[in-house]
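Chemist: Sequence:
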Amino acid sequence: MRIFFVLLLSLVFFSCEDSTTTPKDSFTLSGVVSYTGTSGSGGVVVSLYKEVVINDTLQQIMDEYPNIGVPLTPKLMFDKNEQDPVKVTETRSSGEWSFSDIKAGNYVVVLNKEHAFEFIHGVIVNEDLDIGSKTLKEAIVFENGTVIGEDLVIEANSNVYIQGVVKVSEFGSLTVKEGVNVAFSDSLYGEDGYDKGTLIVKNNLKMTGNKDNFIKLFGESTNETESWNAVKVEEGDADLSYILSLNSRGGVVLYKSESIITNSFFLNNKQGTSFVENALNSKCSNSVFIGNGIGFKGYMSEASVISDRSLFYGNGTGCDISGESSSFVSNSLFDSNNIGITTYQNFDGEVSNCEFRNNGFGAFLHGSDYAENTSKTTFSYCNFKNNSDWNINIEPRDYYINAMADINNCNIEGEKLIYIYGWIARPNKHDIDFKNNYFFGLKDSVEIEERIFDKEDVDAGAKNYTGKVKFMPIKPEYIYDAGIL
Numbered sequence: 007m008r009i010f011f012v013l014l015l016s017l018v019f020f021s022c023e024d025s026t027t028t029p030k031d032s033f034t035l036s037g038v039v040s041y042t043g044t045s046g047s048g049g050v051v052v053s054l055y056k057e058v059v060i061n062d063t064l065q066q067i068m069d070e071y072p073n074i075g076v077p078l079t080p081k082l083m084f085d086k087n088e089q090d091p092v093k094v095t096e097t098r099s100s101g102e103w104s105f106s107d108i109k110a111g112n113y114v115v116v117l118n119k120e121h122a123f124e125f126i127h128g129v130i131v132n133e134d135l136d137i138g139s140k141t142l143k144e145a146i147v148f149e150n151g152t153v154i155g156e157d158l159v160i161e162a163n164s165n166v167y168i169q170g171v172v173k174v175s176e177f178g179s180l181t182v183k184e185g186v187n188v189a190f191s192d193s194l195y196g197e198d199g200y201d202k203g204t205l206i207v208k209n210n211l212k213m214t215g216n217k218d219n220f221i222k223l224f225g226e227s228t229n230e231t232e233s234w235n236a237v238k239v240e241e242g243d244a245d246l247s248y249i250l251s252l253n254s255r256g257g258v259v260l261y262k263s264e265s266i267i268t269n270s271f272f273l274n275n276k277q278g279t280s281f282v283e284n285a286l287n288s289k290c291s292n293s294v295f296i297g298n299g300i301g302f303k304g305y306m307s308e309a310s311v312i313s314d315r316s317l318f319y320g321n322g323t324g325c326d327i328s329g330e331s332s333s334f335v336s337n338s339l340f341d342s343n344n345i346g347i348t349t350y351q352n353f354d355g356e357v358s359n360c361e362f363r364n365n366g367f368g369a370f371l372h373g374s375d376y377a378e379n380t381s382k383t384t385f386s387y388c389n390f391k392n393n394s395d396w397n398i399n400i401e402p403r404d405y406y407i408n409a410m411a412d413i414n415n416c417n418i419e420g421e422k423l424i425y426i427y428g429w430i431a432r433p434n435k436h437d438i439d440f441k442n443n444y445f446f447g448l449k450d451s452v453e454i455e456e457r458i459f460d461k462e463d464v465d466a467g468a469k470n471y472t473g474k475v476k477f478m479p480i481k482p483e484y485i486y487d488a489g490i491l
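Using our numbering, the first residue of the sequence shown is number 7, and each one after it goes up by one.
Any given hint might turn out to be false.
With a straight-line Cα cutoff of 27 Å, these simulated DSS-like cross-link-like pairs (lysine-lysine) come out [stated by the list, open to error]:
1. Lys-481 with Lys-441
2. Lys-183 with Lys-208
3. Lys-183 with Lys-289
4. Lys-476 with Lys-435
5. Lys-289 with Lys-217
6. Lys-441 with Lys-422
7. Lys-262 with Lys-391
8. Lys-93 with Lys-81
9. Lys-461 with Lys-435
10. Lys-93 with Lys-30
11. Lys-183 with Lys-81
12. Lys-289 with Lys-212
13. Lys-140 with Lys-56
14. Lys-140 with Lys-217
15. Lys-56 with Lys-276
16. Lys-222 with Lys-262
Derived Cβ-Cβ restraints for the label pairs, each shown as a range [unchecked claim]:
17. Gln-89 with Asp-218: 51 to 61 Å
18. Glu-133 with Ser-53: 13 to 23 Å
19. Phe-177 with Ser-36: 47 to 57 Å
If you're looking for bench data, these hints aren't it; they were derived computationally from the structure.
From the three backbone atoms N, C-alpha and C, an ideal C-beta is built for every residue, glycine too.
With the hints as constraints, model all of the structure from the sequences given.
Modeler: What follows is the structure in structure tokens.
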């Protein structure tokens, strides 16, 4: 009987112990903020966001092509204006803050006061966590109408606020070092045709981040692409590397500027970056354009490298190019855009060793606005596949006529190989050189012809205004030199 009683007590004891060790499903998160401004460390807004997860498609692209663009990380993909915060609080006068009832997971803590921001990534909550003391640097505020007439350097990891239109004159220059957060005003200002936050540089601009510490350009408080306008360089030189541009109207605009953009990321902008009447040797390389209305837009007046080793994914249009310059697009991937690349004014450049896949249109060529323009776009050693509308579409729109192109030594796959159309108001009567390409699974000319729309397929009234696609001879085997090298 005594042994039974001891066993019973043991069972009761262990049962009670188990009931007190049930795993927690929520935790507390806390920290302290030290604000460098004169208003003290109280009243800092602390917002908690879920960390971004890189989707499988983008991860596969990075694994497949590690030498294009920049490595995509949750830190780069995070946009505070694209999601609602999980929790928001303010610091006490001591700078202390805390959240309760936080589910386990990966989070970003965003600190904000008086236009200054600090983004704290890699906050992994699986127990009660104190992230310690963090410093929030007071923002350097440039008010609307500010004109900078001297050489100005913004030191690393600073905060900058652009309120309205701010100009760096031809007598000054601007250097921005790594890790700087540049927040643009959402307020309306009217000046010289610009509104909302705009930074205009009349002379030299140098913005150089690094792979671990990008310079971040973003609208202060909204996810609307009208929230801020652009960083614009007018006739000066620009050297930009490791730039992150979020939710802008114009992103980075380079006007009559000999400029270099490398290793940068343009996310969710109405227009990512623009080269307008650029000087010789301008270059955009190793950059990523995701979710923009237009990723790269250029009117090229001189020979430049428009895109080299860049990724265009999920944009309305990846590249939108016009002008008669002999510029180059090379070794770039166009994936899942409405249009991979579109050209106007018979862009007299070369697109080589690019891959166009999973787009609506792989390439859409519009032609010129005057008949005397005989420039043509050349596609060579490219891969086209799984573009749902047409791999290549050549069709005048608006007042454009006579789109001309040579497409050679490419691998092309799909039910819709190439489309050309013209009519009396907008003729497109030039024949298209579509020779020496490899067509997946197609050896017979009749089969190939069935997947081409040209002069033979239009209504009788349009035959005299529509060219012929000349595709013979064809390559009998896959072209291994085509695609991204």
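Chemist: Would you mind marking each hint as holding or not holding in the structure?
Modeler: Checked hints:
{"no.": "1", "hint": "Lys-481 with Lys-441", "in the structure": "8 Å, holds"}
{"no.": "2", "hint": "Lys-183 with Lys-208", "in the structure": "19 Å, holds"}
{"no.": "3", "hint": "Lys-183 with Lys-289", "in the structure": "20 Å, holds"}
{"no.": "4", "hint": "Lys-476 with Lys-435", "in the structure": "13 Å, holds"}
{"no.": "5", "hint": "Lys-289 with Lys-217", "in the structure": "19 Å, holds"}
{"no.": "6", "hint": "Lys-441 with Lys-422", "in the structure": "16 Å, holds"}
{"no.": "7", "hint": "Lys-262 with Lys-391", "in the structure": "36 Å, violated"}
{"no.": "8", "hint": "Lys-93 with Lys-81", "in the structure": "19 Å, holds"}
{"no.": "9", "hint": "Lys-461 with Lys-435", "in the structure": "8 Å, holds"}
{"no.": "10", "hint": "Lys-93 with Lys-30", "in the structure": "19 Å, holds"}
{"no.": "11", "hint": "Lys-183 with Lys-81", "in the structure": "18 Å, holds"}
{"no.": "12", "hint": "Lys-289 with Lys-212", "in the structure": "15 Å, holds"}
{"no.": "13", "hint": "Lys-140 with Lys-56", "in the structure": "19 Å, holds"}
{"no.": "14", "hint": "Lys-140 with Lys-217", "in the structure": "22 Å, holds"}
{"no.": "15", "hint": "Lys-56 with Lys-276", "in the structure": "25 Å, holds"}
{"no.": "16", "hint": "Lys-222 with Lys-262", "in the structure": "24 Å, holds"}
{"no.": "17", "hint": "Gln-89 with Asp-218: 51 to 61 Å", "in the structure": "24 Å, violated"}
{"no.": "18", "hint": "Glu-133 with Ser-53: 13 to 23 Å", "in the structure": "22 Å, holds"}
{"no.": "19", "hint": "Phe-177 with Ser-36: 47 to 57 Å", "in the structure": "49 Å, holds"}
Consistency note: the structure conflicts with the earlier hints numbered 7 and 17.
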